[in-house]
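There are 2 protein chains.
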Amino acid sequence: MSQTKPSWETLGELIATRNSLALLRFVNTLSTSEIARAISRLDSEEQLSLFSLLNPEDAADVIESISEAQAADLVEELPSAQAAAILEELPSDHLVDVLGEMDGSSSRAILARMDVEGAAEARKLLSYKPDSAGGLMVSEFLVFQTDDTIQSVLDDLQANRSRYADFHVQYFYVVDREDRLAGVLRMHDLLFPRRQTLLTEVMIPSPLSVAEDTSLTELREFFEEHRLFGVPVVDARHHMVGVVLPGAVEEALNKRKTRTFLRLSGIIGGEEFRTMPLASRSGRRLSWLSMNIVLNIIAASVIALYQDTLATAITLAVFLPMVSDMSGCSGNQAVAVSMRELSLGLVKPGELLWVLLKEAWLGIINGLVLGILLGFVAFAWKGNIWLSVVVGGALAANTLVSVMLGGMLPLILRRLKLDPALVSSPLLTTVTDMCGFFFVLSFAAAAMSNLGGL
Amino acid sequence: MSQTKPSWETLGELIATRNSLALLRFVNTLSTSEIARAISRLDSEEQLSLFSLLNPEDAADVIESISEAQAADLVEELPSAQAAAILEELPSDHLVDVLGEMDGSSSRAILARMDVEGAAEARKLLSYKPDSAGGLMVSEFLVFQTDDTIQSVLDDLQANRSRYADFHVQYFYVVDREDRLAGVLRMHDLLFPRRQTLLTEVMIPSPLSVAEDTSLTELREFFEEHRLFGVPVVDARHHMVGVVLPGAVEEALNKRKTRTFLRLSGIIGGEEFRTMPLASRSGRRLSWLSMNIVLNIIAASVIALYQDTLATAITLAVFLPMVSDMSGCSGNQAVAVSMRELSLGLVKPGELLWVLLKEAWLGIINGLVLGILLGFVAFAWKGNIWLSVVVGGALAANTLVSVMLGGMLPLILRRLKLDPALVSSPLLTTVTDMCGFFFVLSFAAAAMSNLGGL
Numbered sequence: 001m002s003q004t005k006p007s008w009e010t011l012g013e014l015i016a017t018r019n020s021l022a023l024l025r026f027v028n029t030l031s032t033s034e035i036a037r038a039i040s041r042l043d044s045e046e047q048l049s050l051f052s053l054l055n056p057e058d059a060a061d062v063i064e065s066i067s068e069a070q071a072a073d074l075v076e077e078l079p080s081a082q083a084a085a086i087l088e089e090l091p092s093d094h095l096v097d098v099l100g101e102m103d104g105s106s107s108r109a110i111l112a113r114m115d116v117e118g119a120a121e122a123r124k125l126l127s128y129k130p131d132s133a134g135g136l137m138v139s140e141f142l143v144f145q146t147d148d149t150i151q152s153v154l155d156d157l158q159a160n161r162s163r164y165a166d167f168h169v170q171y172f173y174v175v176d177r178e179d180r181l182a183g184v185l186r187m188h189d190l191l192f193p194r195r196q197t198l199l200t201e202v203m204i205p206s207p208l209s210v211a212e213d214t215s216l217t218e219l220r221e222f223f224e225e226h227r228l229f230g231v232p233v234v235d236a237r238h239h240m241v242g243v244v245l246p247g248a249v250e251e252a253l254n255k256r257k258t259r260t261f262l263r264l265s266g267i268i269g270g271e272e273f274r275t276m277p278l279a280s281r282s283g284r285r286l287s288w289l290s291m292n293i294v295l296n297i298i299a300a301s302v303i304a305l306y307q308d309t310l311a312t313a314i315t316l317a318v319f320l321p322m323v324s325d326m327s328g329c330s331g332n333q334a335v336a337v338s339m340r341e342l343s344l345g346l347v348k349p350g351e352l353l354w355v356l357l358k359e360a361w362l363g364i365i366n367g368l369v370l371g372i373l374l375g376f377v378a379f380a381w382k383g384n385i386w387l388s389v390v391v392g393g394a395l396a397a398n399t400l401v402s403v404m405l406g407g408m409l410p411l412i413l414r415r416l417k418l419d420p421a422l423v424s425s426p427l428l429t430t431v432t433d434m435c436g437f438f439f440v441l442s443f444a445a446a447a448m449s450n451l452g453g454l
Numbered sequence: 001m002s003q004t005k006p007s008w009e010t011l012g013e014l015i016a017t018r019n020s021l022a023l024l025r026f027v028n029t030l031s032t033s034e035i036a037r038a039i040s041r042l043d044s045e046e047q048l049s050l051f052s053l054l055n056p057e058d059a060a061d062v063i064e065s066i067s068e069a070q071a072a073d074l075v076e077e078l079p080s081a082q083a084a085a086i087l088e089e090l091p092s093d094h095l096v097d098v099l100g101e102m103d104g105s106s107s108r109a110i111l112a113r114m115d116v117e118g119a120a121e122a123r124k125l126l127s128y129k130p131d132s133a134g135g136l137m138v139s140e141f142l143v144f145q146t147d148d149t150i151q152s153v154l155d156d157l158q159a160n161r162s163r164y165a166d167f168h169v170q171y172f173y174v175v176d177r178e179d180r181l182a183g184v185l186r187m188h189d190l191l192f193p194r195r196q197t198l199l200t201e202v203m204i205p206s207p208l209s210v211a212e213d214t215s216l217t218e219l220r221e222f223f224e225e226h227r228l229f230g231v232p233v234v235d236a237r238h239h240m241v242g243v244v245l246p247g248a249v250e251e252a253l254n255k256r257k258t259r260t261f262l263r264l265s266g267i268i269g270g271e272e273f274r275t276m277p278l279a280s281r282s283g284r285r286l287s288w289l290s291m292n293i294v295l296n297i298i299a300a301s302v303i304a305l306y307q308d309t310l311a312t313a314i315t316l317a318v319f320l321p322m323v324s325d326m327s328g329c330s331g332n333q334a335v336a337v338s339m340r341e342l343s344l345g346l347v348k349p350g351e352l353l354w355v356l357l358k359e360a361w362l363g364i365i366n367g368l369v370l371g372i373l374l375g376f377v378a379f380a381w382k383g384n385i386w387l388s389v390v391v392g393g394a395l396a397a398n399t400l401v402s403v404m405l406g407g408m409l410p411l412i413l414r415r416l417k418l419d420p421a422l423v424s425s426p427l428l429t430t431v432t433d434m435c436g437f438f439f440v441l442s443f444a445a446a447a448m449s450n451l452g453g454l
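First to last, the protein sequences are chains A and B. Just so it is clear: in the first sequence, position 374 is 374 by the numbering used here, and no numbers are missing. Just so it is clear: in the second sequence, position 48 is 48 by the numbering used here, and no numbers are missing.
Careful, some of the hints might be misleading.
Note that the list lumps identical chains together, so a pair holds whenever it fits in one copy or between two copies.
[To be verified] Straight-line Cα separation of at most 25 Å, BS3-like style, residue types lysine-lysine; simulated pairs:
#	residue 1	residue 2
1	K348	K124
2	K5	K124
3	K382	K257
4	K5	K348
5	K124	K255
6	K257	K129
7	K348	K257
8	K255	K348
9	K417	K129
Hints listed in this document are in silico derivations from the structure and should not be mistaken for laboratory results.
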């Protein structure tokens with residue numbers, strides 16, 4: 001596999017020959033992830049040529065193959081008329097996802113070049129929060145009137161067969177004369193009644209629906225509770241505006257998890273791909289790290305305060321990072337459990353005391369086990385029981401502090417409307433470092449007469 | 001909200017009165033996440049009483065409200081006959097998910113008590129890998145014969161209307177006389193042709209299908225490439241065995257992300273909930289931490305080797321954890337980007353050199369920026385330019401090492417078939433700690449004549 005030519009080299013060569021047909025034929029042989037990878041490896045000039053060689057429809061297929069962040073980066077580079085022509089070919093939900101990843105001025109410029117109707121719909125969808133029912137719904141759904149008969153529905157289906165082919169037609173929706181949602185029909189409800197039957201006679205009246213601003217968490221709960229294949233979205237006047245499919249909810253939850261994971265690891269300001277310009281990759285990573293350097297200085301200043309103690313028993317310097325690292329790991333476990341329980345609704349942000357107690361017991365046990373382990377290691381090395389007591393005791397105490405803090409932090413941050421994924425870990429590390437250094441050095445100061453010269 | 005009685009107290013009281021009807025009525029007022037939370041807060045005796053008071057069907061509804069890990073823990077406590085009666089009420093895919101979370105002996109005991117047909121199907125589904133097409137498919141689908149007519153399909157639909165009500169009927173599948181998948185029909189394909197038309201005349205012949213062992217990643221690619229509402233799963237003889245829905249793929253990707261996140265944070269051996277017994281929570285967390293203690297000892301031993309250097313310039317002890325922590329953060333950013341790019345297929349495990357180069361450039365820039373920052377801090381504190389050069393230079397060098405290693409580790413581990421989420425972070429931390437200590441102390445040893453007495 002590694003000896004064959006990488007797909008982006010072939011792609012680059014085909015772009016250089018400007019042979020649209022051969023290019024399209026080659027792109028069609030690639031899987032979606034191969035397309036995404038190959039395009040990301042082209043330089044920006046080649047990317048521009050590629051999109052000018054493909055017709056808008058084929059270019060849209062390519063856009064659909066790559067992640068939204070990547071697509072947005074790419075489309076922003078194109079002249080806005082060309083970008084508009086391509087984006088018009090995307091389904092409404094995907095179009096909005098790509099536009100949502102761009103900065104406001106780029107997306108406005110593209111929308112200005114799109115056909116009026118499509119742009120108006122996109123603007124409306126963009127006005128919803130991305131993780132609300134409005135932002136997740138598809139606007140392609142089948143709607144009929146309460147005074148329609150089964151025959152008129154069948155006639156409409158026949159007349160618009162090709163247009164409806166890509167619609168998700170698990171359900172048909174029925175609206176009244178004021179356009180308010182009145183009922184829902186399953187496709188097989190149409191198959192058996194007499195053709196002159198009114199829809200009102202066979203539909204399920206007053207169906208479940210959600211408001212446009214229903215949150216992702218509420219939607220997840222909705223589909224857990226009701227095993228439906230879609231739910232209609234209605235506005236304040238009960239007019240139907242779209243349908244949320246359970247797959248869209250799962251996809252949004254997936255994206256949210258990805259963001260959480262990246263933020264926890266210090267990748268902020270959107271996703272990073274290594275094909276992005278070096279300056280923006282470096283800058284975004286630094287913006288996170290420079291906050292960390294301040295926190296690190298605060299934590300390390302504790303050591304500076306105890307320099308005399310440390311000078312008397314220099315061996316302690318070996319244990320300082322061990323105690324703080326180990327407790328940091330224990331604290332991160334507690335953070336992860338709290339974030340998981342919060343996301344499942346198993347714990348509420350107000351239940352600090354419950355979490356505190358649960359973590360305190362665990363912290364005492366794990367603190368003792370780890371402290372005794374580290375105490376043994378210290379004794380095996382230096383043969384001084386006081387050293388063991390100091391470092392083992394410090395690790396035990398700091399583990400307790402760290403798991404209690406780690407368990408509570410996500411709840412506190414959620415209550416303060418801060419993002420636990422962004423703030424938990426640096427805050428926890430700072431505090432556990434400070435406390436770890438403090439415990440080791442203050443315990444050592446107290447036992448100094450027994451530690452001298454170590 | 002916090003002043004009203006928590007739902008689990010009400011639930012506990014209703015269980016104590018043994019009033020099944022009132023209990024069921026109360027449970028029905030709760031949302032799924034409230035049910036999950038309330039049940040998790042009951043003690044195990046109350047949980048057992050709850051399930052013996054509900055009839056199997058209602059108990060199954062409760063089981064469907066809670067996460068699979070929680071459900072499995074709970075069902076394992078029940079007598080196996082009762083567990084079997086409850087689990088029989090679950091849809092096949094959910095049943096298998098719950099059984100899959102249990103240990104083998106418990107699930108076998110329950111399957112032995114289930115009705116023969118259901119147990120056989122569950123055993124078959126359990127034999128698939130959970131993240132393969134076989135493990136993700138639903139076995140409820142509508143299948144007809146090539147010599148069926150539209151009329152016979154309509155008759156069948158009418159006859160089995162209530163049974164089919166919960167089926168996902170975006171497509172009908174057509175099989176030949178040897179039971180091999182021959183075609184697919186959309187519901188509206190049935191609406192217009194003459195009733196005596198054979199299905200073979202209206203179906204889409206030779207439809208796309210996937211094998212039972214198709215992986216989750218392949219399925220994700222499939223649905224990215226083909227915007228379908230489901231794909232049939234066929235066995236080696238091209239017999240149709242189930243349908244994979246795109247929502248199931250998204251859900252499985254979601255679960256995989258959760259596992260990745262938890263493992264990265266050191267929660268291994270399955271999910272932890274704070275309502276689990278203290279001993280198992282503590283034990284599982286310790287199993288991870290005890291590996292970490294060994295790695296920490298290895299890293300800290302570098303400091304022990306340089307004790308004399310440290311004793312001459314005790315100030316360095318303040319900078320040791322700063323340099324290692326900061327570089328650890330930089331390395332974790334690179335790990336996160338690699339894991340994301342791997343999961344999207346934007347980088348292949350073999351492309352070590354490409355990642356190395358991309359990270360090296362970034363490491364040089366960020367290393368210089370952070371090193372200069374730390375150098376300034378050191379100078380502001382002690383006014384010694386040599387100290388600045390030592391600690392700033394160490395941070396720069398270690399940042400470079402750390403981002404290169406962090407970028408490559410997930411690729412290397414993936415190639416070695418190890419779990420990057422489990423191993424990347426502890427390995428990275430150990431190496432960056434060791435290197436950080438080594439850079440600070442060896443640079444200091446070289447500049448010792450200028451650092452004495454700091």
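Tell me, please, which holds for K348 and K124 at an alpha-carbon limit of 25 Å: within, between, both or neither?
neither (34 Å within a copy, 39 Å between copies)
At most 25 Å between C-alpha atoms: does K255 with K348 qualify within a copy, between copies, both, or neither?
Cα proximity of K255 and K348: in one copy and across copies (23 Å, 22 Å).
Measure nothing new, just compare the shortest in-copy and cross-copy C-alpha distances for K257 and K129 to 25 Å and report within, between, both or neither.
This pair counts as both: shortest intra-copy Cα distance 17 Å, inter-copy 24 Å.
With 25 Å as the alpha-carbon cut-off, assign the pair K5 and K124 to within, between, both or neither.
neither (45 Å within a copy, 42 Å between copies)
Alpha-carbon proximity context of K5 and K348, limit 25 Å
between (54 Å within a copy, 14 Å between copies)
As a check of your reading, is K417 near K129 (CA-CA no more than 25 Å) within one copy, between copies, both or neither?
Within one copy only: 17 Å inside, 40 Å across.
Copy assignment of K124 with K255, given that the CA separation must stay at most 25 Å:
For K124 and K255, the Cα distance is within 25 Å only inside one copy (22 Å; across copies 32 Å).
Within, between, both or neither: how does the pair K348, K257 come out at a Cα-Cα threshold of 25 Å?
Close inside one copy (19 Å) and across copies (22 Å); limit 25 Å.
Intra- versus inter-subunit Cα pairing at 25 Å for K382 with K257
neither (46 Å within a copy, 44 Å between copies)
Comparing the model with each earlier hint shows violations of hints 1, 2 and 3; every other hint is respected.
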